[in-house]
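S.K.: Please arrange chains B and C on chain A, whose structure you already have, making use of the hints.
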Amino acid sequence: MWQFFLDRQPQFWALAYGHALLVLLAVVIGTVIGVAVAVVVTRQPRLAPVANAISSIGLTLPSFALVGLLLPLTGIGPISALICVTFYAIFPVMRNAVVGLQGVDATLVESARGMGMGQVAVLRKVQLPLAWPVILAGIRVSTQMSIGVAAIAAYVLGPGFGAWIFTGLTQIGGVNAEAYVLIGTLAAVVIALVFDLVLLALGRVTIPKGIRA
Amino acid sequence: MTVTDDPTSSSTSGSGSEISGAEIRLEEVTKTYPGQEVSAVKSLSLTIPAGEIVMFVGPSGCGKTTSLKMINRLIEPTSGTITIGGDDVRSRSADELRRTIGYVIQGGSLFPHMTVAKNIAIVPKMLGWDADRIRQRTDELLELVSLDPARYRDRYPRELSGGQQQRVGVARGLAADPPVILMDEPFGAVDPITRQRLQDELLSIQRELRKTIVCVTHDIDEAIKLGDRILILQEGAEVAQYDAPEAVLASPANDFVADFVGAGSSLKQLSLTRIAELDLSEVPTARVGEPTAEARARAQAAGHDHLIVLDDHDRPTAWPWLRQLKGETIHRGEEDLVNLDHRATLNDALDTMLTSSHGAAVVTGDRDRYLGVVWFDTVTSFMRQQQEALAEEGSGA
Amino acid sequence: MSAEAAAPDAATSDRAGWRDRITAEALIVLFAIPVIVVVGFASYAVYVQTSSTYADDVVVNNALGYGTIVAQTGEHLLLTFVAALLVVAIAVPLGVVLTRPRTRFLAPPVVGVANAGQAAPSVGLIVLAAIWFGFGFWTAVGALTVYAILPVLANTIVGLQGVDRTLVEAGRGLGMSSWSVLLRIELPLALPVIMTGVRTALVLLVGTATLATFIGAGGLGGTLQTGISLLRYPVIVWGAILVALLALLIEWLGRVLELVARPKGV
Chain A
687 MWQFFLDRQP QFWALAYGHA LLVLLAVVIG TVIGVAVAVV VTRQPRLAPV ANAISSIGLT
747 LPSFALVGLL LPLTGIGPIS ALICVTFYAI FPVMRNAVVG LQGVDATLVE SARGMGMGQV
807 AVLRKVQLPL AWPVILAGIR VSTQMSIGVA AIAAYVLGPG FGAWIFTGLT QIGGVNAEAY
867 VLIGTLAAVV IALVFDLVLL ALGRVTIPKG IRA
Chain B
13 MTVTDDPTSS STSGSGSEIS GAEIRLEEVT KTYPGQEVSA VKSLSLTIPA GEIVMFVGPS
73 GCGKTTSLKM INRLIEPTSG TITIGGDDVR SRSADELRRT IGYVIQGGSL FPHMTVAKNI
133 AIVPKMLGWD ADRIRQRTDE LLELVSLDPA RYRDRYPREL SGGQQQRVGV ARGLAADPPV
193 ILMDEPFGAV DPITRQRLQD ELLSIQRELR KTIVCVTHDI DEAIKLGDRI LILQEGAEVA
253 QYDAPEAVLA SPANDFVADF VGAGSSLKQL SLTRIAELDL SEVPTARVGE PTAEARARAQ
313 AAGHDHLIVL DDHDRPTAWP WLRQLKGETI HRGEEDLVNL DHRATLNDAL DTMLTSSHGA
373 AVVTGDRDRY LGVVWFDTVT SFMRQQQEAL AEEGSGA
Chain C
978 MSAEAAAPDA ATSDRAGWRD RITAEALIVL FAIPVIVVVG FASYAVYVQT SSTYADDVVV
1038 NNALGYGTIV AQTGEHLLLT FVAALLVVAI AVPLGVVLTR PRTRFLAPPV VGVANAGQAA
1098 PSVGLIVLAA IWFGFGFWTA VGALTVYAIL PVLANTIVGL QGVDRTLVEA GRGLGMSSWS
1158 VLLRIELPLA LPVIMTGVRT ALVLLVGTAT LATFIGAGGL GGTLQTGISL LRYPVIVWGA
1218 ILVALLALLI EWLGRVLELV ARPKGV
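Chains as they are written, first to last, in our numbering: chain A, 687 to 899; chain B, 13 to 409; chain C, 978 to 1243.
Isolated chain A, as found in the complex (with noise of 0.2 Å):
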């Protein structure tokens, strides 16, 4: 297995490349959507019941299923993968940071408002910085999501592990096919536990020390 691994360790990297940028392009594009949405509901509280359940509709949704119905509308390709990844790595963020938002205590935010900031100012000086960790918690569950719907989208030809692992699906039977499909899964948890420590990283770095766990 290890000489396997030597024979296409150009193929390799490349796979891990675009697993890589697949997840976190989705998952950046997921945040955006993701916090601003809620930072709309965290205006208007009613609609909050009203997101939580469209991110748990939304999660229900069987990955498979989004590649089939994305197909005749975006074609086979990296574009269709990136819209099924984005879209599951939108609803984690949204729930968390609707609960984030929410969760920040009113009084803060009328004193803000009391000192004289503005509500733009009161969201990026006091709202989202003690909604963070909470987002934060959020985007790691969201990468996490991601890495395997990646993994899915391979199906449709999107780029990452995946497709080491239908390969090997096709040639079951064949000598390489173990190969194949265990270091095409065991690659994409090496990559999940990236994407988890760095973003625990970012948290240290980023979370404020006074709100710290």
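There may be inaccurate statements among the hints.
As a list, the in silico BS3-like pairs of lysine-lysine whose alpha-carbon atoms are at most 27 Å apart [what the hints assert, rightly or not]:
no., chain 1, residue 1, chain 2, residue 2
1, B, 81, B, 54
2, B, 130, C, 1241
3, B, 137, C, 1241
4, B, 130, B, 81
5, A, 895, A, 811
6, B, 137, B, 81
Quick list of simulated restraints, FRET-style, between CB atoms [as the list claims (entries may be wrong)]:
no., chain 1, residue 1, chain 2, residue 2, range
7, B, 302, C, 1156, 32 to 38 Å
8, C, 1241, A, 718, 39 to 45 Å
9, A, 688, C, 1241, 57 to 63 Å
If you're looking for bench data, these hints aren't it; they were derived computationally from the structure. Using N, Cα and C, we set each Cβ at its ideal position, and we do this for glycine too.
M.R.: Just chains B and C now, kept in the frame of chain A:
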């Protein structure tokens, strides 16, 4: 201790006031937690007489709770012997032992997913009582802790107030009629007025049942009020003093006790003197359902502008001014009348009066039966006499 | 309304009522899903009855016929429920063991392994299982079970840890054995949290079971796979919609289970 002063002791049925408790002895009991050099409890020896309330009191970390929990083996002693009624607590399994010892915890610690009745029935069920007997016992206990069984039996704990939860906790501890009851800060989680009522009720129940009650508290006033004896513990559960409350107040054994009991022991006297020692005043009463006109006439004939409403069980329910009486017949009244048990202390009486519009408090005996009324002036003049008596004693010596 | 009508006893004996026990979010999900599912299945039926594509194309006809869909739905549900039962049978006792004082120290490594397992792509696990244990139903069930253990395990541990320690001590103090405290106090009080884990696991399972078709274990993923490999858009779209509807139905079922399993008074 003051049974002779007790105006209702003759009226309680004879069988009820027989001692049903058992003596507890601790001999050289030591508890050392693994990995700690200093023992939490060091060689504690103690006899708790049958039928008495003994209060374990001391600063936090003095080992009072550890000592209590060793009696029902929630904590196993490192060495030493504990006996209840002469039997070593280790002579049977811990679970069996605990089913024969009542256990009452702060806040009641009721199981939130079980109804009031189910909570109370836990120990009887484990002891294999049949359903009829359990139901009967549950209702009896709810009556005993002043909760209407029909109303509260099927409620869940979160539908009760803190004080009501604590009452159910006491009922649960009494369920299988155990000779010994252990209480761990039983009234720590309720507000002061509720706490005082619960304390009064406990005293009233104890007058009927005469269990052996061991109660841990950090509140010296509670210890003085409830205890037949007080055990004051220093660090390592070293006995600083073990005596009747009067003796602890009058002659503290050492500086630690004196500090702990605190200054102003004449004020503490307020928590030693019971309402029962004062003269109660008569106030006209009326029954729920009685024609209003008759009751009004009776009160006016006696020269009063108010009356106390009693229900079928002689329990006071309201204390209206005559001008507040409305309707053809007397009704219960809406607000919750705060009563004082006749074993309540003068301290409690003053607290209660502050919230009463009459400047007085309604005093009740066993099972909340109406006894009379105590006026603010009565309390203050009694205190003045006491003070003068103390001063005379002082100048005489 | 159906929830309230189904349990009039609960509503009358519990003064706090349903409103307090159910979140607005759960309410929306509980009402929205049946509407979506009914509309979805009705549209599918209308499509099968009326569309000319369906009538003309043999491939579409075969893949989306009632016979195929019903059979695949049955397989899909069987995969989901068998795996869910196994998950509960493994994860709940394991969670109990990992919260007992003597064995508590094992919790961090076990949860760590379960976490790492969750990080593995589901499709990788399923294909690996097929390589090691052969194609078929039980291989798929095994892979699904492994994949869905974490939510139930984690929630069992969190739920049990969340039980107020004084209640446990109160139980012991009243003379209940540790076993009886576990069964009558700890597990009932932890049940709401455990059931949330079960719901998460169910949704995870019904989604992942769409991949079972890759290793010959059937399920509604089959229609999708057929559609994609033969590039028939109606088959792809309807296959995806039907899978999604089934998943929604399972989510709904999980929500209902969560409500029903909640002990009164909590």
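S.K.: Would you mind marking each hint as holding or not holding in the structure?
M.R.: Results of checking the hints against the structure:
{"no.": "1", "hint": "B:81 / B:54", "result": "15 Å, holds"}
{"no.": "2", "hint": "B:130 / C:1241", "result": "13 Å, holds"}
{"no.": "3", "hint": "B:137 / C:1241", "result": "20 Å, holds"}
{"no.": "4", "hint": "B:130 / B:81", "result": "24 Å, holds"}
{"no.": "5", "hint": "A:895 / A:811", "result": "15 Å, holds"}
{"no.": "6", "hint": "B:137 / B:81", "result": "23 Å, holds"}
{"no.": "7", "hint": "B:302 / C:1156: 32 to 38 Å", "result": "57 Å, violated"}
{"no.": "8", "hint": "C:1241 / A:718: 39 to 45 Å", "result": "44 Å, holds"}
{"no.": "9", "hint": "A:688 / C:1241: 57 to 63 Å", "result": "60 Å, holds"}
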